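Student: Protein chains in written order, with the working numbering: chain C, 1 to 352; chain U, 1 to 74.
Think of the hints as simulated: they come from the structure by calculation, not from any bench.
These figures come from a predicted structure and were not determined experimentally.
The beta-carbon is built from N, C-alpha and C at its ideal position, and this holds for glycine as well.
Treat the hints loosely; a few may be bogus.
[As the list claims (entries may be wrong)] Simulated pairs of lysine to any residue, SDA-like, Cα-Cα distance not exceeding 25 Å:
id	chain 1	residue 1	chain 2	residue 2
1	C	Lys-239	U	Pro-6
2	C	Lys-239	U	Phe-13
3	C	Lys-251	U	Phe-13
4	C	Lys-279	C	Leu-120
5	C	Lys-310	C	Gln-336
6	C	Lys-169	C	Glu-200
7	U	Lys-16	C	Tyr-111
8	U	Lys-16	C	Met-110
9	C	Lys-279	U	Ala-32
10	C	Lys-277	U	Gly-48
11	C	Lys-243	U	Glu-58
12	C	Lys-244	U	Lys-8
13	C	Lys-244	U	Ile-54
14	C	Lys-244	U	Glu-58
15	C	Lys-150	U	Lys-35
16	U	Lys-8	U	Leu-19
17	C	Lys-277	U	Leu-3
18	C	Lys-244	C	Glu-259
19	U	Lys-57	C	Val-234
20	C	Lys-146	U	Ile-12
21	U	Lys-17	C	Val-248
22	C	Lys-251	U	Ser-38
23	U	Lys-27	C	Glu-121
24	C	Lys-310	C	Asp-52
[Said to hold, decoys possible] A short list of chain U residues far from chain C (calculated; beta carbon distances all over 10 Å):
id	residue
25	Ile-10
26	Glu-11
27	Glu-14
28	Tyr-22
29	Ser-38
30	Ile-39
31	Ile-49
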Amino acid sequence: MRYKMQTAELIWEIKNNIEKIGRSLKVIEVCGTHTVSIYKNGFHTLFEGYIDFISGPGCPVCVTHEGYIDRLVELSSEWTIYTFGDLLKVPGSSKSLSQARANGGKIKVMYSPVDAVEHLENNEKVIFAAVGFETTAPAFALSLEKVIEKGLKNVKFACELKTIDEPLKSLLQNHIRVDGIILPGHVATVIGVDSFKFVEGFKVASVISGFEGYDILLSLLSITQDILNEDFTVKNEYKRVVKKEGNVIAKGYIEKYFERTSAFFRGLGLIPGGGLKIKDEFREYSIDMSYDNTKQKDSLCRCADVLTGKIKPFECPLFEKVCTPISPKGACMVSQEGSCNAYFRYGKWKGR
Amino acid sequence: MCLGYPAKVIEIFEDKKALVEYLGVKKMVNIALLKNVSIGDYILIHSGIAIEKIDQKEAEEIEKLFGEVQDANS
Ligand code: SF4
Ligand code: SF4
Chain C
1 MRYKMQTAEL IWEIKNNIEK IGRSLKVIEV CGTHTVSIYK NGFHTLFEGY
51 IDFISGPGCP VCVTHEGYID RLVELSSEWT IYTFGDLLKV PGSSKSLSQA
101 RANGGKIKVM YSPVDAVEHL ENNEKVIFAA VGFETTAPAF ALSLEKVIEK
151 GLKNVKFACE LKTIDEPLKS LLQNHIRVDG IILPGHVATV IGVDSFKFVE
201 GFKVASVISG FEGYDILLSL LSITQDILNE DFTVKNEYKR VVKKEGNVIA
251 KGYIEKYFER TSAFFRGLGL IPGGGLKIKD EFREYSIDMS YDNTKQKDSL
301 CRCADVLTGK IKPFECPLFE KVCTPISPKG ACMVSQEGSC NAYFRYGKWK
351 GR
Chain U
1 MCLGYPAKVI EIFEDKKALV EYLGVKKMVN IALLKNVSIG DYILIHSGIA
51 IEKIDQKEAE EIEKLFGEVQ DANS
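My request is simple: use the sequences and hints to build the entire structure.
Tutor: This is the structure:
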């Protein structure tokens, strides 16, 4: 009961702060798990008129280009593709991986890339679909190390790993004006608070947040207080996990095996330094994934506009009508952490 | 794709592995990215790998507050 009061008080205080600021705020979250937490807890309704929530390009599945999927589909006739389950339904320009599998493509779902390597046979021809941000990059670095240790000769990585800083910069510079940013707690766990210092230059209130409803409220409180105080230093609300310098061992693994490259982001386009590729000295473990990122599926899907905060999912003409989690037309509906998917599932709170 | 979850360390093995428990489910995870993991520690798991230790005191404080948000706004 006491805690319920505290939650209610917290909500009251956030609203009170916003009234003092004197206008409604635009707050963006870039992590898909935050997106889900916001909609699941009904915060977009609770703060209607106070906070406009925008879901940025944080879920690695949502920003994956059709061309990458096409290339995996092509390779799956010859190689066994190991992928995270979420990637299965992302539409390529003609097929998704799950459709390719139905047509005989060799595709396996993995939960952990390190585990998967431990169970491989010496002569298995395997490609790991390496997607994700700095949170999953260490897992792929560790699995690459295991592949080398085990002397596996037929294992390659289709590296499409992303970094968080460059796309965030591009988003803030070119696409959107926001008052506050909820920064991704798991990415921050790996790269540390200090890696987000660059956000301060944009003069927006920012906070690294945990994922429970209560964490989000604490983060919103922090954002509103910072706006009132014109304090643009990065705050860390997820202190129970995130350290100033991050996880040094994990960062070391990333640096050992990967280097920066440019990467394509749905909605944001090609971003220099936005991706990670396998270093040249380990090039034998990498498979060429170059694809034409200008060729896009001819579709009415508006993921790109959703990811840059131009529209809300329900403003897409396909939303709920032809595009649903069972039959997704775009990546934002595929991933459990995609904004269209979150809107679809928790729509009963929709303030539209 | 990338849900992280907190789990308690039950047993530690060679080769940087640990048996952890989360909501009654036991699982083997890799702990190569952490230093000094002990039995009883809480760790954050992401794609089968422990990415950080969780500060237990702070976690408990927050944990008490979990779940209350939904009640408060329903
Ligand atoms: S990788 Fe981590 S931080 Fe990024 S969307 Fe997934 S859960 Fe959020
Ligand atoms: S509702 Fe479907 S088609 Fe529309 S933007 Fe979202 S994923 Fe794309």
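Student: For each hint, tell me whether it holds in the structure or not.
Tutor: Right, here's what the structure says about each hint:
Under the criterion of a C-alpha separation no larger than 25 Å, the hint pairing C:Lys-239 with U:Pro-6 is consistent with the structure, at around 14 Å. Under the criterion of a C-alpha separation no larger than 25 Å, the hint pairing C:Lys-239 with U:Phe-13 is inconsistent with the structure, at around 28 Å. Under the criterion of a C-alpha separation no larger than 25 Å, the hint pairing C:Lys-251 with U:Phe-13 is consistent with the structure, at around 24 Å. Our distance criterion of 25 Å between C-alpha atoms is met by C:Lys-279 and C:Leu-120, whose separation comes to about 23 Å.
Straight-line distance between C-alpha atoms of C:Lys-310 and C:Gln-336 comes to about 21 Å, which keeps the hinted pair within the 25 Å bound. For the suggested pair C:Lys-169 and C:Glu-200, the alpha carbons sit about 11 Å apart, so the restraint of at most 25 Å is met. At most 25 Å may separate the alpha-carbon atoms for a hinted pair to count; U:Lys-16 and C:Tyr-111 meet this at roughly 18 Å. Taken as a hint, the U:Lys-16 and C:Met-110 pair is honoured in the structure, with Cα atoms around 20 Å apart against an allowance of 25 Å.
Distance check on the hinted pair: C:Lys-279 and U:Ala-32 sit about 21 Å apart at the alpha-carbon level, within 25 Å; holds. Using a Cα cut-off of 25 Å, the hinted pair C:Lys-277 and U:Gly-48 holds, with the two alpha carbons roughly 22 Å apart. Only pairs whose Cα atoms come within 25 Å are accepted, and C:Lys-243 paired with U:Glu-58 is accepted, the gap being roughly 13 Å. For the hint pairing C:Lys-244 with U:Lys-8, the CA-to-CA distance comes to about 24 Å; that is within 25 Å, so the pair holds.
This hinted pair checks out: C:Lys-244 and U:Ile-54 have alpha carbons roughly 14 Å apart, not beyond 25 Å. This hinted pair checks out: C:Lys-244 and U:Glu-58 have alpha carbons roughly 16 Å apart, not beyond 25 Å. This hinted pair checks out: C:Lys-150 and U:Lys-35 have alpha carbons roughly 24 Å apart, not beyond 25 Å. For the hint linking U:Lys-8 to U:Leu-19, the alpha-carbon distance of about 8 Å falls within 25 Å, and the restraint holds.
Straight-line distance between C-alpha atoms of C:Lys-277 and U:Leu-3 comes to about 23 Å, which keeps the hinted pair within the 25 Å bound. The hinted pair formed by C:Lys-244 and C:Glu-259 meets the criterion: a straight-line CA distance of about 22 Å does not exceed 25 Å. With a C-alpha separation of about 23 Å, the suggested pair U:Lys-57 and C:Val-234 falls inside the 25 Å cut-off, and the hint holds. Only pairs whose Cα atoms come within 25 Å are accepted, and C:Lys-146 paired with U:Ile-12 is accepted, the gap being roughly 20 Å.
Between U:Lys-17 and C:Val-248, the direct Cα distance comes to roughly 19 Å. Compliance with the 25 Å bound is thereby established for this hinted pair. A C-alpha spacing of about 22 Å is found between C:Lys-251 and U:Ser-38, which places the hinted pair at or below 25 Å, so the restraint holds. At roughly 23 Å between alpha-carbon atoms, U:Lys-27 and C:Glu-121 fall within 25 Å of each other, so this suggested pair holds. Restraint check for C:Lys-310 and C:Asp-52: the C-alpha separation of about 12 Å stays at or below 25 Å, so the hint holds.
Residue placement check: U:Ile-10 keeps its beta carbon more than 10 Å from all beta carbons of chain C (closest about 18 Å). Annotated as non-interface, U:Glu-11 keeps its C-beta farther than 10 Å from every C-beta of chain C; the closest such distance is 17 Å. Listed as a non-interface residue, U:Glu-14 keeps its Cβ farther than 10 Å from every Cβ of chain C; the least gap is roughly 13 Å. The beta carbon of U:Tyr-22 sits about 13 Å from the closest Cβ of chain C, which is more than 10 Å, so the claim that it is off the interface holds.
The Cβ of U:Ser-38 lies farther than 10 Å from every Cβ of chain C, with a closest approach of about 17 Å, so its non-interface assignment holds. Under the 10 Å C-beta cut-off, the non-interface status given to U:Ile-39 relative to chain C holds; the minimum distance is some 20 Å. With a closest Cβ-Cβ approach of about 5 Å to chain C, U:Ile-49 is found to fall inside the 10 Å limit, against its non-interface label.
Violated hints for the displayed structure, listed by number in ascending order: 2 and 31.
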